[in-house]
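Novice: Start from the sequences, fold in the hints, and give me the full structure.
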Amino acid sequence: MERTELIDKLTTIFRATFDEESLVISDELTANDVDNWDSLTHMILISEIEKGFDIKFRLKELNKMKNVGALIEIITSKID
Amino acid sequence: MSDFIIRPATVDDAPFLAETIIEAEKSGTDKLSYSTIFGLTEKEVHKYLINILEEEIDGCELSVSSFIVAEYNGKVAAALSAWVEGLEDIPSTIIKGNLLNYVLPKECIKRAMTLNEIIRELHVEYLPKTIQIGAGYVAKEFRGNRLLGILNKEIITKLLNENENVNSVWAQIFSCNVPSLKTYEKAGFTVVTTRQATNKEIENYLPSNKKYVLTKNYK
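Here the protein sequences line up with chains A and B, keeping their order. Using the working numbering, read the first sequence as starting at 65 and increasing by one per residue. Using the working numbering, read the second sequence as starting at 39 and increasing by one per residue.
Every clue listed holds true.
Here are the simulated lysine to any residue pairs, SDA-like style, with alpha carbons at most 25 Å apart:
1. A/Lys130 - B/Arg158
2. A/Lys142 - B/Lys148
3. A/Lys120 - A/Ile71
4. B/Lys148 - A/Glu125
5. A/Lys115 - B/Met151
6. A/Lys120 - B/Leu153
7. A/Lys73 - B/Glu155
8. B/Lys167 - A/Ala134
9. A/Lys124 - B/Lys148
10. B/Lys148 - A/Leu70
11. A/Lys130 - B/Val141
Treat the hints as calculated values from the structure; they're not laboratory data. Quantities reported herein were computed from a predicted structural model and do not represent experimental measurements.
Specialist: Structural data, given as structure tokens:
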């Protein structure tokens, strides 16, 4: 999957999860930058990403992700 | 008091810590958000919380390392959690969300998705590099020994000593938890934010539709 295609798919998941149609994701984006990024929403987000990309994160991987860039990197490594 | 030993919690304390999280969540009511949001019985919540605690992931309210306990004759009598928010630049809510996603069955997450819009109205972000007080609980037979006050003092002192640049302590309390609110105010905490949900439905899932955020500066 091309990076742009991956970002498009991820953007759709982010927008649906946060109910924010204008949300734009970038490598630097963190939970501090998005309203309502609480534990429940994060849990749903990760679950939807796993479902959308048909992957399963390991707990260790999840707890190292400091921003969306790191998230994209891990997704890429799993689908390649 | 001299017969009580105060020590950091270990993974062997997980069953008592799970009970602490459950009782603190209920805030003196019978409404357990982990049950109402995820569609689980209290017994199932207890089991999943133990699973989460046993992962021993640091940095959030569901981390064994966030807890200290008071022990009496080898029995855990009380527990309290506190942590420095975002110490490793990852918000505790993210760590908690990761743990919930990892341990809970998918149908629980599906159910939570339908309720998220209602629940998140009461969400208050934790400020990075501040001490956040989490769940506290004293087993019935050990009440009246001021154990929560002792644990509070102990854990705050420990975290302030370990983190030079951290100087404020925060707590979030449901409005129905009047005893806890009074205790914090007596200890010098002041209410800085009140968050009230507009959707009455929230009372079906949380102990109250109103939450107070309190803080106290040290150093």
